[in-house]
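Protein chains in written order, with this note's numbering: chain R, 801 to 955; chain P, 3 to 316.
Treat the hints as calculated values from the structure; they're not laboratory data. Backbone N, C-alpha and C define an ideal beta-carbon position, used for all residues, glycine too. Incorrect hints may appear among the rest.
[As the list claims (entries may be wrong)] Restricting the straight-line Cα-Cα distance to at most 20 Å, the calculated cross-link-like pairs of lysine to any residue (SDA-like) are:
#1 P:Lys272 to P:Ala191
#2 R:Lys820 to P:Leu49
#3 R:Lys820 to P:Ala53
#4 R:Lys820 to P:Arg48
#5 R:Lys820 to P:Lys6
#6 R:Lys820 to P:Tyr12
#7 R:Lys820 to P:Met3
#8 P:Lys6 to R:Glu817
#9 P:Lys6 to R:Gly838
#10 R:Lys820 to P:Pro4
#11 P:Lys6 to R:Ala818
#12 R:Lys820 to P:Pro8
#13 R:Lys820 to P:Leu47
#14 R:Lys820 to P:Asp93
[Claimed, not checked] Okay, the calculated beta carbon distance ranges per label pair:
#15 P:Glu158 to R:Arg953: 45 to 53 Å
#16 P:Lys6 to R:Ser806: 38 to 46 Å
#17 P:Pro167 to R:Arg950: 51 to 59 Å
#18 P:Glu269 to R:Asp831: 50 to 58 Å
#19 P:Ala231 to R:Ser806: 25 to 33 Å
#20 P:Ala146 to R:Glu817: 46 to 54 Å
#21 P:Gly257 to R:Ser806: 52 to 60 Å
#22 R:Asp880 to P:Pro8: 37 to 45 Å
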Amino acid sequence: MDITVSVNGAARAASVEARKTLADFLREDLDLTGTHVGCEHGVCGACTVIVDGRAVRSCLMLAVQAAGSEVTTIEGLAPDGALGPLQQAMRDSHSFQCGFCTPGFVMQASAFLRAHPDAGEQEIREALSGNICRCTGYQSIIDGVLLAARRSREG
Amino acid sequence: MPVKLPHVEYEVPATVAEAVDLLAEHQDEASVLAGGQSLIPLMALRLARPAVLIDINGLGEMSGVSVSDGRVSIGAMTREYVAEESETVADAVPLLAAALPLIGHEAIRSRGTIGGSLAHADPAAELPAVALALDAELVVRSRAGDRVVPAAQWFEGYLATSRRPDEILVEVRFPAAGPGTGAAFQEVARRHGDFAIVGLAASLTLADGAISDARLAFAGLGDVPVRAADAEALLVGEEPSAELFEEAARRATDGIDPPADLNGSPEYRKKVAATLVRRGLRAAADSARHNSARHNSARHNSARHNSAHAHERP
Ligand SMILES: Cc1cc2nc3c(=O)[nH]c(=O)nc-3n(C[C@H](O)[C@H](O)[C@H](O)COP(=O)(O)OP(=O)(O)OC[C@H]3O[C@@H](n4cnc5c(N)ncnc54)[C@H](O)[C@@H]3O)c2cc1C
Ligand code: FES
Ligand code: FES
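Please put together the full structure from these sequences, using the hints given.
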């Protein structure tokens, strides 16, 4: 099927099989390999991207279903190579080790903070509870998101 | 191990009537694709192998919340997050409102749908227990017309419902809660967002201090959600008290024979179930008292509660 999807602000047209997931479409057809693929059945959260303003699992959505939608991937958070404020705060907090889970956490946290800029630690923990990290023990990730929230409140 | 999705035909009907025609043609070779949050994992794990996907995501007529004649109708394609944010649901179906935030994680609720959860019928899922507790009605459509199935006749077994292969679930109807109703969904899960090991849907209505309506249904205790009718009968007509709730917990769990799996033994589940009944009833009674007080103070200027029609669309 022929589809056109807006990815990180640019219209991308392609021809894809119906069975191709949005995650594989981003990685294989558009070469946007920042979106990671872990479990491929919705459990780990590594593939999280933002579709029409909401965080979704890109391994549980077909590419054809994204036709006409606005998709934001991790590449879209730093379009000119400079880290966005959430990324900077997470870097400052040493939020990640191997980095496999990173794009998923950043996209989920980014969607969450946009909707709940005043969120506290407990809400952030709940919002990120669907993402799995095998390295950090999570505390540094939570710290990074809290730091980003605080910096944005303080302007 | 999950693998890439297998080859599958993909149909995008423009109307519910077209979707019904496609189901009539393909019968159980086809799967309706709603939020995909259960179906796509099943396909990746090869536990489902439909030849045809009928994608209903574009069917706006199947999504939205509306109220009329004391009933709240929710389109099957209404996304879980949309129902979660709906004021109509919060006001008129407080038990559903309590259960929705417990489903999976935010990113799952972005796509998952009310109808998908009820059609999928996972016995550990929250919404089947809510539908059973509230005597919801499921409306299915085929070429032969609409059929209304009471929740008590919908859930037939593990991931099995009384939906026929040529039927699409179009809507689910809940009775609007009366004043003085309070609800709670209690569950024990490994992590926030995981499927419940045991879950309990509890709703109580208070009239002049006594319980006039009680509804209790468990998730995770068998192949289908389980209603605790004996405990409900005990509660009606009584005033809420710790002793009453203790006795209700005993009655609700006396006859149950929960399954054993990695998450817990039958004894453990039974004990958890009794604890959830005590907690759930306490929480439901507190919220019922709170809602009665709110209702009484708002009685004179409440146009909202009297309006026959309200409509929300995502
Ligand atoms: C990581 C993860 C965690 C989760 N945790 C929970 C949880 O804690 N609690 C919980 O309840 N759920 C949980 N879910 C499942 C989630 O709620 C699903 O959204 C829901 O079970 C199915 O809804 P869906 O719209 O995605 O349906 P789909 O996946 O699209 O469909 C599910 C099934 O229902 C059928 N179907 C769907 N809609 C219709 C219709 N209108 N008419 C006829 N048949 C239809 C499909 O053919 C399919 O067989 C989780 C999922 C994931 C991936
Ligand atoms: S790869 Fe999508 S959730 Fe794990
Ligand atoms: S940093 Fe390695 S998985 Fe999270």
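Hint-by-hint comparison with the structure:
Using a Cα cut-off of 20 Å, the hinted pair Lys272 of chain P and Ala191 of chain P holds, with the two alpha carbons roughly 15 Å apart. Note on Lys820 of chain R and Leu49 of chain P: the hinted pairing holds, with a Cα-Cα distance of about 18 Å set against a maximum of 20 Å. Annotation: proposed proximity of Lys820 of chain R to Ala53 of chain P holds, straight-line Cα distance about 15 Å (limit 20 Å). For the suggested pair Lys820 of chain R and Arg48 of chain P, the alpha carbons sit about 15 Å apart, so the restraint of at most 20 Å is met.
A threshold of 20 Å between alpha carbons decides the hint, and for Lys820 of chain R with Lys6 of chain P the separation of about 8 Å falls inside it, so the pair holds. A threshold of 20 Å between alpha carbons decides the hint, and for Lys820 of chain R with Tyr12 of chain P the separation of about 11 Å falls inside it, so the pair holds. Distance restraint check for Lys820 of chain R and Met3 of chain P: the Cα-Cα separation of roughly 18 Å lies within the 20 Å cut-off, and the hinted pair is therefore satisfied. Restraint check: the Cα-Cα separation between Lys6 of chain P and Glu817 of chain R comes to about 12 Å, which is no more than 20 Å; the hinted pair holds.
Between the alpha carbons of Lys6 of chain P and Gly838 of chain R the distance comes to roughly 12 Å, so the proposed pair stays at or under 20 Å and holds. Restraint check for Lys820 of chain R and Pro4 of chain P: the C-alpha separation of about 14 Å stays at or below 20 Å, so the hint holds. Annotation: proposed proximity of Lys6 of chain P to Ala818 of chain R holds, straight-line Cα distance about 12 Å (limit 20 Å). Restraint check for Lys820 of chain R and Pro8 of chain P: satisfied, since their Cα atoms lie roughly 9 Å apart, inside the 20 Å limit.
A threshold of 20 Å between alpha carbons decides the hint, and for Lys820 of chain R with Leu47 of chain P the separation of about 15 Å falls inside it, so the pair holds. For the proposed pair Lys820 of chain R and Asp93 of chain P, the alpha carbon gap of about 40 Å is over 20 Å, so the pair is violated. A hinted range of 45 to 53 Å holds for the C-beta pair Glu158 of chain P and Arg953 of chain R, which are about 52 Å apart. Evaluation of the 38 to 46 Å hint for Lys6 of chain P and Ser806 of chain R yields a failure: the beta carbon distance comes to about 25 Å.
Against the hinted window of 51 to 59 Å, the Cβ-Cβ separation of Pro167 of chain P and Arg950 of chain R comes to about 54 Å, which satisfies the hint. Separated by about 54 Å at the C-beta atoms, Glu269 of chain P and Asp831 of chain R satisfy the suggested range of 50 to 58 Å. Separation of Ala231 of chain P from Ser806 of chain R is about 53 Å and departs from the stated range, judged on CB atoms against 25 to 33 Å. Checked against the hint of 46 to 54 Å, the C-beta distance between Ala146 of chain P and Glu817 of chain R comes to roughly 34 Å, which is inconsistent with it.
Gly257 of chain P and Ser806 of chain R have their C-beta atoms about 56 Å apart, which keeps the hinted 52 to 60 Å range intact. Here the CB-CB span from Asp880 of chain R to Pro8 of chain P is close to 40 Å, well matched to the stated 37 to 45 Å.
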